[in-house]
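Modelling step: build the complete structure from the supplied sequences, incorporating the hints.
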Amino acid sequence: MKRELFAFLRYSAKRAITLIIVVILAVYATVIIANMGGYVDEIIKIQTRDSINQSVFQNPAYQHLSTEDKKKLADELYEKEIEALGLNKPFIYRSVGYLFSALSLELGKAMYLTSDSGSKAVRAIIVERLPTTILLFTTINLMLFFLSLVGGLFLSRKYGSKLDKAVVSLSPLSAIPGWFYGIFLILIFASWLRLLPYGGLVDVPPPQNPFDYALSVLKHMVLPVSSWLLAYSFIQTYTKRTFFLMFSSEDYVEMAKAKGVPPRLIERRYILKPTLPPIITEFALTLIGSWMGAIVTERVFNWPGIGTLFYQAASFMDSPVIIGEVTIYAYLLAITVFILDIVYAIVDPRIRIGATGT
Amino acid sequence: MSVRRLKENFKQLLAYKSAVAGLCILGFIIGLSIYAVITIPYEEAVRAWRLGEDISINNPRNAAPSWINLFLQKNLPETIIIDTLKRESGARKAVVFPETGNVGALRIELPFEFNYDDFPSELNLFLTANYSEIMPYITIDWVKPNGETIRLKEMVVKSSDRYYISIDDELTKRLRTYLSEKVGFEVPYEIPPQMALFAVEDESVLKPETVQVLKGKYKMVIVGTLFERQSNVDCRLVVYGKVFGLAGTDHLRRDLMVALLWGAPIAVSFGVLASISISFLQMIIAAVSAWYGRWADMLLQKATEFNMILPFLPILMMIAILYRLSIWVLLVVVIVLSIFGSGVKTYRAMFLQVKELPYIEAAQAYGAGNVRIIFRYMIPKVLPTIIPSLVLSVSGFVFLEAALAILGLGDPVAPTWGKIINDAYTKGALYQGYFYWVLEPSFLLVLTSLGFALLGFALDKIFNPKLSEM
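Those sequence lines, one after another, are chains H and U. Number 301 in the numbering used here belongs to position 301 of the first sequence; there are no gaps in the numbering. Number 362 in the numbering used here belongs to position 362 of the second sequence; there are no gaps in the numbering.
No false leads were mixed into what you were given.
A few chain H residues facing chain U, derived, Cβ under 7 Å: (1) Ile186; (2) Ile295; (3) Leu333.
It is worth saying that the hints were derived from the structure and are not from the lab. Ideal Cβ positions, reconstructed from N, Cα and C, are used throughout, including at glycine.
Okay, structure coming up:
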């Protein structure tokens, strides 16, 4: 017992350390890319230089100075400003600083973007956008998950029926991504039939009454949600059904059938029990992944979420916002992976004792 | 895989209706690609797309495709061009100089027939003049089928001049007064020249939605004075239609056909190249890690984990925005970001099984090296099983290109389907009802991905028969 606990702890620690290293590497890679390997700094330097030159040469207080002196003054101010910004040190040195402040979630201030409440703090901006993305994509993923789970189970029971064949033949629909269906749904339901809004989160101006507000948000969610359901429900139902079918032809299931175990019980005990862990893992990872926002879907539906924020940040080259978003995402994903690993280790003794299966 | 087996597989494939449909679709798309590459050189396509209005000035703006007339109750106008430099367009020009003196008279008639049920979208007159010092002076008149003559403008002609009739505010005001006097009631809205000049002059003009087109023979008459003996004036009247070609035009008057055609080879090659190279690189990595095991395997596992934490699209977007990459460099970035994707794990599991097979042991016994075993024995064994997923993944990459274009990150110069959709989207095609603008590229995108999907699913049934039984 003691030995087992020790093995479990050792396993957990090993996983934790690996994941921490992976997160550090991922965030560092983002820091490097988001700063274009130091190029963004050069842009800031040029901008600072310009604004200082302007303020010195156009300031009436310095009119008595000669051009030479003005230049000297501008240079001095520039040096001071660069030092204040920390730009006088080489980029590699500073990138490590960026890395540590990102990892300690001190996300700093955005360069250009502001939150709707006017704050420039990266954290405030992200926290403001996160709920809308979580709302939309958690709804979508939960619906997809339960729909495909129930549908897959149902079809595996009715294997070979007309409905089953229909779902199988409709699964190539998923070759087309959700956002693309979105464009068509907008075309049909917004432009043509004028039943639903083109996009956005709520009506403009937003309703005052909280109930009306919720209703309006719901109305705006109909099209994005249906576009994803259209794109992914068939393929997910299909894969789950196949997965269940594979397990329902295992020997122990045949055995249970032969013994006369009721079908419901077989389903619960012999099919769902071994298949649910990988299904739930996949769901957890998709869910966390979706919080990064589906950038294209959010753009198509003009959904003011984290994906749109990333798009704006990337277009403005607002490195702090980009780094902040990726860092939060990396943390969330790493924590999820870690929890799943631990849960697996508790459930599955093979992992706990460190045996490697193929 | 021998040629005979390949043939056999192909025969098997033809037994599936979906595969035949998929092959037909792909044949069409590939035919389109070949046609595009042969008929429009790449440089020309890029030029047509980038310069936009400079070279497509004779095309109407936001015109629907011509075949739309087949589905409509009314006949939308095509573009009519009457050019004095092209005799066959019906233009007539006369220049008369007296025996002595330098002042000559110019008369140009630009007649055309207008029998459509809707108004033109715009009217422009392009003029060129030859002179050394004194510019020619002209007056422009508009003659309607009912004989009414309307003075449009009096102007001097520079060497390269244009008169945008549709946006002439002064003319708009005059035409409103003119029509109000004709009808006897004040016209209660600003009627644009391209409507006023073609309108039936009765009470129907009082409401914008009831204005009717006066069909018949129209004529633009330009009378001018030339002040030098070598002086000359040529002009081109463009009556822009509301339909254009097989594909229509966009907000910059560009013929969408160029991008629709050239989108095909770009989309197909992007998708196929990405999918093939990613599959093969993933397979090689998986085979190496399965064969060598130990630290190589460990390193690979960590790399896939690293790849999972690094969000794919955001990183790709960042690189694309910051470095303004062409689509082919972007393709390389996509490949690099994907080689440690989830596929590696699946392949690795396959290779771990293959590794234990007796023939590998036999190969080792006769002294085959590691590289030989990996490339000659392990990879060929797994190859057939991955072909279906390879074909299936092509659609994903075709749409990835479109997705990048929607985010404004497509190739800066090349015309692609995704870029048309992006243009349409940003210019509010869905709000304004220019559905063709979105539907045409979308249709081709769907067709392409459907072709690969149908083929892929059928291949899956052939190569992985065990799974398809279910």
